[in-house]
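J.: Here's the letter readout for the chains.
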Amino acid sequence: MGLEKIPGVYVEELSGEGKLTVSVGPQHPGSGHFRIIVTLDGDVISNAIPDPGFVHRGAEKMSEYRNYIQNIPHLERPVILDSTGILFPYTLAVEDLLDLTDKVPERAKYIRILMAEFNRIISHEYFLAIQGIFLGHSTQFIWSTGDREAFIDLAASLSGARVTFSYLVPGGVRTDTPPDFEEKTLQACTYMEARLKDYRRMLFDNPFMKMRLENVGIISMNDAVSYGLVGPTARASGVNTDVRRDEPYSLYDTVDFQVPIRTEGDDMARILVHLDEMEQSCFIIRQVLKKMQPGPVKFAVKGQMRGRVGEAYARTEAARGMMSFHVISDGLPEPYRVKIDTPSNRNLAIMPKLFKGLHLADLPATFQSLDYWPVEADR
Amino acid sequence: MNEDELAASLITSLQPLGLGAFKSAVHRIKISGTVDKLVEVAKALDSSGFGYLHTITATDLPKTNEFELSYWVGSLEDGKKEHVVQYVFRIPKASPSVPSIMEVWPAAYYHEREEWEFLGITFQGNPDMKRLWLPEDWDEAPPLLKDYKLQRWVDGERERHGLVVRGD
Chain A
1 MGLEKIPGVY VEELSGEGKL TVSVGPQHPG SGHFRIIVTL DGDVISNAIP
51 DPGFVHRGAE KMSEYRNYIQ NIPHLERPVI LDSTGILFPY TLAVEDLLDL
101 TDKVPERAKY IRILMAEFNR IISHEYFLAI QGIFLGHSTQ FIWSTGDREA
151 FIDLAASLSG ARVTFSYLVP GGVRTDTPPD FEEKTLQACT YMEARLKDYR
201 RMLFDNPFMK MRLENVGIIS MNDAVSYGLV GPTARASGVN TDVRRDEPYS
251 LYDTVDFQVP IRTEGDDMAR ILVHLDEMEQ SCFIIRQVLK KMQPGPVKFA
301 VKGQMRGRVG EAYARTEAAR GMMSFHVISD GLPEPYRVKI DTPSNRNLAI
351 MPKLFKGLHL ADLPATFQSL DYWPVEADR
Chain B
1001 MNEDELAASL ITSLQPLGLG AFKSAVHRIK ISGTVDKLVE VAKALDSSGF
1051 GYLHTITATD LPKTNEFELS YWVGSLEDGK KEHVVQYVFR IPKASPSVPS
1101 IMEVWPAAYY HEREEWEFLG ITFQGNPDMK RLWLPEDWDE APPLLKDYKL
1151 QRWVDGERER HGLVVRGD
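One line per chain: the protein sequences are A and B, in this order. Numbering of the first sequence is given in the numbering used here, commencing with residue 1 and proceeding in unit increments. Numbering of the second sequence is given in the numbering used here, commencing with residue 1001 and proceeding in unit increments.
Be careful, since some hints might not be right.
Claimed, not checked - Taking lysine-lysine and the DSS-like style, the derived pairs with C-alpha atoms no more than 25 Å apart in a straight line are: (1) A:Lys353 with A:Lys210; (2) B:Lys1063 with B:Lys1149; (3) B:Lys1023 with A:Lys103; (4) B:Lys1149 with A:Lys356; (5) B:Lys1130 with A:Lys353; (6) B:Lys1093 with A:Lys61; (7) A:Lys61 with B:Lys1130.
Think of the hints as simulated: they come from the structure by calculation, not from any bench. Just so we're clear, the structure is a prediction, and the values are computed from it rather than from any experiment.
Build the full structure now, drawing on both the sequences and the hints.
T.: This is how it looks when you write it as structure tokens:
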């Protein structure tokens, strides 16, 4: 059985065995265009083939035609919910190539952390909202979509945009914080921390949710490592990884935070890791606001940016996990080669193994619990 | 463990293969080698704590008619997890064939398919060297080759798609 049998056919009965092959997708089921071709034995999945690529737009090739600044807006497009997450490693890699790493002002580094954590909360809230849809729980969708607004407004007050912020640039950040930013940020954090308690009480201590999510879609720790999983998906299986702590960048070593780890490895663990991370993000934001001192927010690069001949590899912890950029420069204003390694692309690897043996009814919730974003994987 | 200590310990574990390792940047160790040692290097890295494959980058080098492949491998062990090891080698474009490392790290499956699709490098041992990201009817050259140029829509095509053509 292969992909070539599927186009145009939605359900196909395979000869003799009484199994059905069903194409799940590629409509937009909540997280982007993506298809899983599942073979069903009764309602149990006996084989699953993920079929990504419906939203591939060649971001790596396009990057070779644009200079380091022009690349910023289009590189965000694959990860619009976490645009700081994808720009952070890009900016660090470009700064390495332009020898700007030591010239980024301290205030800019702190604002970058703020923006990255805002984006983490925005992305995690969206994850929870879509998880609600996939479970048929519309309250969760409405709550999470509404609560993200607090942080979207903060990010918009910094960058001027609601979705793709284009806020990080080589040398610093685009603008300084507006007046009364600190007060509004603290309000948003207080609100979010209270809401997270509501989420737990209403949604995740709920016996029906537990029945749907606990002991479903278990990923073992060994699998998580050998399949190269990252981010909340890996941490829910007991893999102790977080680039913010392992290889601190941009003054993350000066703030105190914990990396939430769970060992169950099921759908519920993956969701609860997201909740814990949002709590930690608020904790980080509060510390950063105390540490920030007035000062410049950008080192202005004079003239055309040209990287040295060489390569740079930078990685950061985006909302969905480790995001890395390998940028190769031959000294021209445009990069010679840009390799984007996104967390969704890495978490894709576990899908065939994870979905095998699940009931079809558990597929949506398990798929979403991986926080897989098709556009991010396709690039 | 700093980069130099780590490089020294990796040189020891790569001893039978006769490869060197050195610090290429902060927290980055570079090992240059050849394609025929790839699987053994992967196994050696895996047993010395670097068992967390990040990504594979392949680059087209038309001047020397070669491909350069970088395998980026991280670690989850204390003292090593801040470092990323890069294994680099070049292969001639005339015979773009590389052994698959799926037996060491199943994570390589999609990375290898990606490099096959975008640069035309075959990975021996990967069962699915077929289209994934590009359209199923893609019949042009692999797009990340340097002689594949980005295409623009010409006026006739735009009109056929119902787009208004202004004087640009």
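J.: Tell me, which hint numbers fail for this structure?
T.: Of the numbered hints, just 4 does not hold.
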